[in-house]
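Colleague: Starting from the two chains in their separate frames, assemble the complex, guided by the hints.
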Amino acid sequence: MEAYIIKGYRSAVGKATKGGFKNYRSDDLAVQVIQHLMQTVPQIDPKRVDDVIVGCANPEGEQGLQVGRLISARALGKEVAGITINRYCASGLEAIAQAVAKIKAGFGDIYLAGGAESMSMIPMTGYKLAPSYQANMENINYHVSMGHTAEAVAVKYGISREDADVFSFHSHKKAATAIDSGAFKEQIVPVEVEEVYVEDNQRKTQKHIVDTDEGVRRDTTVEGLSKLRAVFKKGGVVTAGNASQTSDGAAFTLVVSEAVVKELNLEPIARLAACAVGGVDPLYMGIGPCVAIPKALKQAGLQLADIEQTELNEAFAVQALAVIQEAGLNPETVNVNGGAIALGHPLGCTGAKLSIQLMEDMKKRNQRYGMVTACVGGGQGIAGIIERL
Amino acid sequence: MKEAGGNCFYKFEKGVKKYFNIQSKTYEPLPGTEAFIILDSYREQNPVLKNSECTVHDIGDGVLCLEFISKSNAIGEGIGKALNEVLQLAEEEGWNGLVIGNNAKQFSVGANLMNIGMFAMQKQFDVLEQFVADFQQINMRIRTSKVPVVVATQGYVFGGGCEISMHCDAGIYAAESYIGLVEVGVGLLPGGGGTKEFALRASDDFFEGDVQNPTLINYFKSIATAAVSTSAYEAYDLGYLKKDRDLVCVNTPLNIGKAKEKVLELATNYMPPSPREDIRVLGRGGMSVLYSAINEFRLGEYMSDYDVEIARKIAYVICGGDLTAPQQVSEHYLLDIEREGFMSLLGNQKTLDRIQYLLMNNKPLRN
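So the protein lines, in turn, are chains P and C. Position 212 of the first sequence, counted from 1, bears residue number 212 in this note's numbering, the numbering being contiguous throughout. Position 367 of the second sequence, counted from 1, bears residue number 1367 in this note's numbering, the numbering being contiguous throughout.
Extracted from the complex, chain C is given alone in its bound form (with noise of 0.2 Å):
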């Protein structure tokens, strides 16, 4: 066995688990395991890249995996400026591609809320302005880097985390993956990206003929009441994951390395999407019917005051603005206005308030 370089019948060796083969006297893969890929396991290889928030690995065959490491799972600084700078590096270096993804029990609980609060309760809302307007430009990023970017979920995919999967080229969802752009339950909008994706997803179900106003519902409805999907199955529902797009793994260790093949799928003459000036918004008309339907939940008491003028802002950033006509309008455009609308949240009392109470007692308040 010491020949053979080891001092116990299992080790990890460039990811993969051998087995120490008495009859062969070498360390051989463990028969069963090929299709796991397990992050620890790389943990003795230097990594690509890392820093406190998390850690990119070689995980073979040209493909990168980002590891989220931060607590929770919460998404700052830290993995915007790793997400940017590997994407960079995969770019330069001719990776095939990118894998995003963790064997944490939540792939993510979305933005990093403790820094947002802070910030917001000192007034700092140039900082915070940027720090938005750098999550989207990532998560646009990562939709039009020059290498493929597949994300492998699991758990809570909340609010960031999830506005990062839905700008990932396809994604590997766990089966048991609970997905929801939450930001409602702190008083906010999706600003890093998934109010705008909404509205762009809308538009691209829209068909000739289509009366579109239900669809445009459907999409609202997930953001205005926080849906959160009971599995990954249910996630399609509600807007999060597309059919032609995402895939369900019913084996929760098996979605790196699920993710890991979509990327090598796709990085075969992979080309890269632009950014899209073709989405279709309904401006004031959709509004309206979003209005009225916000109106029916105040009246039927399940949506506070606070809650429908953050609903009204949503329908505001999802129909485009309070256009007179319906119009194809950029990703850009939507940014910036849902920037604009998550910004103005931001500065309500009622907002922190919210913040402040969901850090203190771990549950939303409804104010």
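Only chain P is shown next, with the shape it has when bound in the complex (with noise of 0.2 Å):
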């Protein structure tokens, strides 16, 4: 049985461990999510939907304790089942891929999808950076941090600190433009934080609505990313201004399977078409999407070609540039709105954010088929293709 989304809402993506989310928990935000989702489909009886996926990539701390059935039963009840997955920063879409799975096997009609995560409260590599003894015999590279693996693409792909650099400038003006002409209002749902605390000793409260995202800078010039220092190599070409920004969030979609749109008569505004994930060398990691792309396109039986726009996650600007000229993407056609570099990466909630994007921008410029597509860590891409109806 084909399965349809029927809507997708995202918080804004605020600025890891100084923005407007850096004190409020990812669970929170995905109920806050989650609830304004559902009310924009009363139809739907909260208690009917079979399950909730939680995209999460470092699911302990604040995001442990089986943060994604807190969250459904938070946000839609204690009946309402839920569950964390992880495949990092595909982690969302890939939450995405299994509720349509899981309809078209007949497990299920109704599933919320999506991801959240908190990089203000849970560092990068989690609390607890402990790699297996024995996968660190075989392959030293298994467990490498992700700046190293886009030094190794940049050698390997010949991407050059320029082009980086560029790239990256681009990527923030596209957002910027995006931000001010409204691009993302609908997508998102305000969320207001309440900030208690001491201020020459007197308790204080404030709340502030958090509705846009923060991590664009409309100042950056070229010449500004060009001085900044390498991080991760000596003489590197990967800096903080050319990699995408650490960043809290949430997205979820709902996704039902062709007879609750009948029963209900729901007006989906798009499919799954194909979801394809790949491994590559963990080392070169930012390839991934590279072995991903084609799968997914012989999935839908489609041509590169076809696809009319992509969200490629931009972890960084060097491996954003080797998979457009890897995959052969158009380049015009690749983060029309700018990508993570601007607008930050909240790792688990990423893939269905941007699935969420690129849904809306093909409504907009009546688009037929897009793509998103990510590297994901320890070595693998993902691809899923959208068809807008």
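The set of hints was computed from the structure by calculation and includes no laboratory data. Treat each hint with caution, since some may be false.
Computed list of lysine-lysine pairs in DSS-like fashion (alpha-carbon distance at most 27 Å, straight line) [said to hold, decoys possible]:
hint: 1; chain 1: C; residue 1: Lys1221; chain 2: P; residue 2: Lys233
hint: 2; chain 1: C; residue 1: Lys1221; chain 2: P; residue 2: Lys234
hint: 3; chain 1: C; residue 1: Lys1146; chain 2: P; residue 2: Lys233
hint: 4; chain 1: P; residue 1: Lys128; chain 2: C; residue 2: Lys1350
hint: 5; chain 1: P; residue 1: Lys234; chain 2: C; residue 2: Lys1350
hint: 6; chain 1: P; residue 1: Lys18; chain 2: P; residue 2: Lys128
hint: 7; chain 1: P; residue 1: Lys15; chain 2: P; residue 2: Lys207
hint: 8; chain 1: C; residue 1: Lys1242; chain 2: C; residue 2: Lys1146
hint: 9; chain 1: P; residue 1: Lys233; chain 2: C; residue 2: Lys1363
hint: 10; chain 1: C; residue 1: Lys1017; chain 2: C; residue 2: Lys1002
hint: 11; chain 1: P; residue 1: Lys204; chain 2: P; residue 2: Lys18
hint: 12; chain 1: P; residue 1: Lys174; chain 2: P; residue 2: Lys22
hint: 13; chain 1: C; residue 1: Lys1081; chain 2: C; residue 2: Lys1146
hint: 14; chain 1: P; residue 1: Lys47; chain 2: P; residue 2: Lys102
hint: 15; chain 1: C; residue 1: Lys1011; chain 2: P; residue 2: Lys234
hint: 16; chain 1: C; residue 1: Lys1242; chain 2: P; residue 2: Lys128
hint: 17; chain 1: C; residue 1: Lys1011; chain 2: C; residue 2: Lys1050
hint: 18; chain 1: C; residue 1: Lys1221; chain 2: P; residue 2: Lys128
hint: 19; chain 1: P; residue 1: Lys102; chain 2: P; residue 2: Lys298
hint: 20; chain 1: P; residue 1: Lys22; chain 2: P; residue 2: Lys102
Modeller: Shown next, in the form of structure tokens:
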């Protein structure tokens, strides 16, 4: 049975450790987004939701303790189940793919699928970095840090520092234009954040609304970016300016079966026509999309030329450029509203966030096929093809 | 003045600088200098012990002071021998304790590299292994002696000098002390108990529910990158100083006097520590996280291939070897594997090249 995406909403993306969500838990964020989403589809009784699939890249600490189940119970009621899944940066897209697959397998009819991540609260590699001894004996790069994979990709595929900085500059410019034009306004759930704190020995309360992505640097220049120091490697190319930002955010989609569409007279906006993953050498993690994209195209029975727009997660500028180059993507149709370098990359949330952005933008441009793709830590890639309905 | 036993206005007497008081016609202590202990002022009195590398002074109140006098205060057999002797003497004759300190610009540049390099090039590994074993035992002797031992430092506190310091009961570190286990620079690991001591300190820092690996990484980084503190205060962060044990002295000339005070404070009902058998090491789990960290340094081109080899040896020792699970081990065990690691590196031509290069050029070789 076919599965359809009915709606998708996301939070704004906050700057980790200093933005609007720095003290706001990702499960609280997810609950807000899901409840808003369900309010826009009053035909569906929340208790009918079969499962809430929550992508999360570092499910520990504040995101541990079965955070997926906690989110489902709080957002929809204790009768509704929830699960946390993890494919690192692809978790959000993987969640949608799993919802689609379950519906097609006949395991359920209504799913909420997406992701949530607070990089303010959980550091990039979690609180305890504990790589496998045996794995390290077999290949020391199984656990290599993402920055070093980007440096390796830059060398292997001949991406220069200058190209990376120019790409980053354009990411910021495109994102600023998109925000100013209100491109993301309809997909973002405004979240009220309450802060209780002590100032001058007085307990104070302050509330503010977070409704706009925080990462964009409007005053950035190629010259300014070129002055930044390489972070990972002596004389390397990866800087804080041409890598994705650490972020906080949540994004969810409502995925239902064809039967439910008919029963409740719903209007689907899209379907996930294909979704594929593939593995690459962990040291060249960033090139992962290049193995996933052909698989997804084959699944969908499409050619690359059929893809009118692509959301390519900008883990690093050098990695994104290498993928564009090696996969033969049209740079003009990649990340038309900017990418993670400007808008942030809340790991487990990102796949769902990009899918929502893509669906919204395809609607405005009246496009039929779009693609979401990302590299994945540990040496993987994911690609999902979305058909707008 | 002559009747008072002098021929000039100032003189040293039992380590005290005195001036001739014209009114009382006697020599009296120079006001404001009581707290200073300048070892030159003890040269007139017979040393308690003396050899080519050090002198042991009686600095009053039942306290001894072992002063390094070798070139750059490098540590060789003479210092080791004297330390053994002076501790035995202090224990048997009922001295209150020992200060290890000197008034030189540098406290110590570490072990005598010339000797180590010479023996290694001559492939006299038995001699070297005995030297390392002796140095380890001396440091353990300092740790477990029946009298308190307090170090007073200034300037360079490198390598073996740092290892001696870390094994004392307490330390008075001049603020301008530059402290570091710098052995990696010459292709070695700290072999005089320094690596063992970092494993011990990491273990002591672990707490119930602690994820432990970040603590281990911090200690490891200090040794593996030969980190030298830019002040005594920074040495706390690098793990060379302990907050509950060591003090920083802003006025350098006061450090030996302060160390003497500390000896006297500790001497009351002093209970010497026993060799530890409860050091929690992380085995393969710890080694794996350190191997990953080393890989990051290598990929970033902050380490050479040989640096990686050395760092992996350090990881092995600080984790207690490739144990399949964390467990408690003794200082004795850690010293054994530390010595094995030191000797295996000493047998590598690249280590010898580093030693030779440093001796000839006074700067490290990154081969």
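Colleague: Mind checking the alpha carbons of Lys18 of chain P and Lys128 of chain P for me, to see if they're no more than 27 Å apart?
Modeller: The hint holds at about 23 Å.
Colleague: With the threshold set at 27 Å, check whether the alpha-carbon distance from Lys1242 of chain C to Lys128 of chain P stays at or below it.
Modeller: The given pair, whose Cα atoms are some 24 Å apart, holds under the 27 Å limit.
Colleague: Within 27 Å, alpha carbon to alpha carbon, are Lys1221 of chain C and Lys128 of chain P?
Modeller: Holds, at roughly 17 Å.
Colleague: For Lys47 of chain P and Lys102 of chain P, compute the direct alpha-carbon distance and say whether it is at most 27 Å.
Modeller: holds (18 Å)
Colleague: Starting from Lys204 of chain P, check that the Cα of Lys18 of chain P is at most 27 Å away, please.
Modeller: Holds, at roughly 19 Å.
Colleague: Within 27 Å, alpha carbon to alpha carbon, are Lys102 of chain P and Lys298 of chain P?
Modeller: Since the Cα atoms of Lys102 of chain P and Lys298 of chain P sit roughly 21 Å apart, the hinted pair holds (cutoff 27 Å).
Colleague: Next pair to validate is Lys128 of chain P with Lys1350 of chain C; report whether the Cα-Cα distance is within 27 Å.
Modeller: violated (35 Å)
Colleague: So if I understand the rule, the pair passes when the alpha-carbon distance is 27 Å or less; does Lys1221 of chain C with Lys233 of chain P pass?
Modeller: holds (17 Å)
Colleague: Verify the proposed pairing of Lys1221 of chain C with Lys234 of chain P, using a straight-line Cα cut of 27 Å.
Modeller: holds (18 Å)
Colleague: Holds or violated: are the alpha carbons of Lys233 of chain P and Lys1363 of chain C at most 27 Å from each other?
Modeller: Satisfied, since the Cα-Cα distance of roughly 24 Å is no more than 27 Å.
Colleague: Is the hinted pair Lys1081 of chain C and Lys1146 of chain C satisfied, with a Cα-Cα distance of at most 27 Å?
Modeller: holds (18 Å)
Colleague: Hint check: Lys1242 of chain C vs Lys1146 of chain C, CA-CA at most 27 Å. Holds or violated?
Modeller: holds (21 Å)
The structure is inconsistent with the numbered hints 3, 4, 15 and 20, although it conforms to all the rest.
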